[in-house]
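J.: The listed protein sequences derive, respectively, from chains A and B.
Per the working numbering, the first sequence starts with residue 295, numbered consecutively.
Per the working numbering, the second sequence starts with residue 295, numbered consecutively.
Quick caveat, the hints were computed from the structure, so don't treat them as lab data.
A quick note: this is a predicted structure, and the numbers were derived from the prediction, not measured.
It is possible that some hints are incorrect.
Said to hold, decoys possible - Listed next, the in silico DMTMM-like pairs over lysine to aspartate or glutamate satisfying Cα-Cα at most 20 Å (straight line):
{"hint": "1", "chain 1": "A", "residue 1": "LYS340", "chain 2": "A", "residue 2": "ASP456"}
{"hint": "2", "chain 1": "B", "residue 1": "LYS340", "chain 2": "B", "residue 2": "GLU541"}
{"hint": "3", "chain 1": "B", "residue 1": "LYS340", "chain 2": "B", "residue 2": "GLU432"}
{"hint": "4", "chain 1": "B", "residue 1": "LYS340", "chain 2": "A", "residue 2": "ASP346"}
{"hint": "5", "chain 1": "B", "residue 1": "LYS340", "chain 2": "B", "residue 2": "ASP430"}
{"hint": "6", "chain 1": "A", "residue 1": "LYS340", "chain 2": "B", "residue 2": "ASP346"}
{"hint": "7", "chain 1": "B", "residue 1": "LYS340", "chain 2": "B", "residue 2": "GLU330"}
{"hint": "8", "chain 1": "A", "residue 1": "LYS340", "chain 2": "A", "residue 2": "ASP430"}
{"hint": "9", "chain 1": "A", "residue 1": "LYS340", "chain 2": "A", "residue 2": "GLU330"}
{"hint": "10", "chain 1": "A", "residue 1": "LYS340", "chain 2": "B", "residue 2": "GLU541"}
{"hint": "11", "chain 1": "B", "residue 1": "LYS340", "chain 2": "A", "residue 2": "GLU541"}
Claimed, not checked - Covered, in the sense of this in silico footprint (three residues per stretch, anywhere, with C-beta under 8 Å from a C-beta of chain B), are these stretches of chain A:
{"hint": "12", "segment": "333 to 346"}
{"hint": "13", "segment": "405 to 411"}
Stated by the list, open to error - Simulated restraints, written as ranges between beta carbons of each label pair:
{"hint": "14", "chain 1": "B", "residue 1": "ARG390", "chain 2": "A", "residue 2": "ASP375", "range": "54 to 64 Å"}
{"hint": "15", "chain 1": "A", "residue 1": "ALA325", "chain 2": "B", "residue 2": "PRO414", "range": "46 to 56 Å"}
{"hint": "16", "chain 1": "A", "residue 1": "ALA497", "chain 2": "B", "residue 2": "GLY310", "range": "43 to 53 Å"}
A virtual CB, placed ideally from N, CA and C, is assigned to each residue, including glycine.
2 protein chains.
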Amino acid sequence: MTPDQVRRTATGPTAGLAAGYTQANLIAVPADLAYEMLLFAQRNPKPCPVLDVTDTGSPHTVLAPGADLRTALPRYRVWRDGDLVAEPTDVTGYWRADLVALLIGCSFTFETALAAAGIPLRHRDQGVNVPMFVTDRECRPAGRLHGPLVVSLRMIPAGLVDLAVAISARMPAVHGAPVHVGDPTALGIADLAAPDFGDPVRAHDGDVPVFWACGVTPQAVLTASRPPFAITHAPGHMLVTDVRDTEYLTVPL
Amino acid sequence: MTPDQVRRTATGPTAGLAAGYTQANLIAVPADLAYEMLLFAQRNPKPCPVLDVTDTGSPHTVLAPGADLRTALPRYRVWRDGDLVAEPTDVTGYWRADLVALLIGCSFTFETALAAAGIPLRHRDQGVNVPMFVTDRECRPAGRLHGPLVVSLRMIPAGLVDLAVAISARMPAVHGAPVHVGDPTALGIADLAAPDFGDPVRAHDGDVPVFWACGVTPQAVLTASRPPFAITHAPGHMLVTDVRDTEYLTVPL
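Bound-form chain A, shown alone (with noise of 0.2 Å):
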């Protein structure tokens, strides 16, 4: 599928569509809390790498110029005094003219290259989305924001895990390298069979599991900080830009 096709017909989590291309979260905030938010993201490059800020009340991003950002996605969050209000497929109705939306880099788009490389991808073998923890690190606050670094798992096979570093490393407007390989319990994570977004997926005999920081950070921040009113993507239910995953490769593969 092209990321058009994807971003008219998806219904479901993004991972392994239209590979090749880049994916993005979307936090989209009122202006008077965009500042806070660019801040946000800026002093949290790991979790929040930021690959577009749109014009103010725009529902267009330079990366799909031809999307609209209130139906491309699958699914949405609304958000309001932090709490979860909705989750519709289309947020035409909820969109405002005073909204600024921040595109932030998925490590899906580096799926396409661990997948070349021969790393199997446990959720997408098992049809589920990818498992996500709120972990016990808090992020640097700016200004009302604050909230814990969220991350996404995958249990790769012990052999594999030096490439699995070595190529996301290469990407890291994407979230680069993991931020941490082994114990999940120095991220304060419990239960690795019970992610706080998306699906468990089981592991094979060998695994270990990587954590990735994850751009579904700002919606713990929506929960820990409680502004007014918030857009974001649902776990998994990515933008699929027109971007190529080759434009944020630092260093060929």
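Since the structure of chain A is provided, determine the placement of chain B on it from the hints.
T.: Below, chain B alone, put in the same frame as chain A:
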């Protein structure tokens, strides 16, 4: 010299000083322009990779916790309505309670790795400031801010250009890979002997011009956009931070 010693004693360009530590460009603007400045940086990450943003009014950065940004740089520039009005060595008297300072990565940071790989650095060998040029490439604007890309020039032996590209590409936070190799006219640069900032360098036989995006770009933006007030570093006279350059190395050398 340690970073602190450089901050206390340096009077000229900082290339080659406190080798192994990250250097940064400075652009401080009033808070009402801070969002547009940060947005400009996000939209132009090659010239403007943001390493830190200070809290409003604070002259302190996490990059060098003991330093005072008003005195830690060897030389500054003070701008009013787009005009350069002073080049002091201390901006304590110019500082304002509404200033927000952006610290932007500097290519001097990867010079340590270039030198370690045997790549000659003509400006340092000749005891001059690195040459910098305003190009004919417009940056992507943000609100009231617009202006051309500025680049730094290093004359590099042809056989070492690939190595210089590979090394710098690993450090996107300090400008990453070059924006152009070979032909100055491709960037609208007419005369390599007449840089817009810094000093000319003498090339050796077989040298090729290699151009990196430069953190002086915000100063060209001040000239083009003419905001009421700003403070910057003087080109080549950087903040030497306490952060090891390896912190910004995405992939090992």
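J.: Each hint needs a verdict: does it hold in this structure or not?
T.: Right, here's what the structure says about each hint:
1. A:LYS340 to A:ASP456: Distance of about 19 Å is within 20 Å: holds.
2. B:LYS340 to B:GLU541: holds, 18 Å
3. B:LYS340 to B:GLU432: Holds, at about 13 Å.
4. B:LYS340 to A:ASP346: holds, 14 Å
5. B:LYS340 to B:ASP430: holds, 16 Å
6. A:LYS340 to B:ASP346: Holds. LYS340 (chain A) to ASP346 (chain B) sits at ~14 Å (cutoff 20 Å).
7. B:LYS340 to B:GLU330: Between LYS340 (chain B) and GLU330 (chain B) the Cα gap is close to 17 Å, so the pair holds against 20 Å.
8. A:LYS340 to A:ASP430: Given pair LYS340 (chain A), ASP430 (chain A) holds - Cα atoms ~16 Å apart, limit 20 Å.
9. A:LYS340 to A:GLU330: Within the cut-off at roughly 17 Å; holds.
10. A:LYS340 to B:GLU541: holds, 13 Å
11. B:LYS340 to A:GLU541: holds, 13 Å
12. 333 to 346: Since three or more residues must qualify, the claim that chain B covers the segment 333 to 346 of chain A holds, with 5 doing so at under 8 Å.
13. 405 to 411: violated (count 0)
14. B:ARG390 to A:ASP375: 54 to 64 Å: The hinted range 54 to 64 Å is violated for ARG390 (chain B) and ASP375 (chain A), with Cβ atoms some 35 Å apart.
15. A:ALA325 to B:PRO414: 46 to 56 Å: Hint holds: Cβ distance 49 Å, inside 46 to 56 Å.
16. A:ALA497 to B:GLY310: 43 to 53 Å: Between ALA497 (chain A) and GLY310 (chain B), where Cβ atoms are some 50 Å apart, the hint holds.
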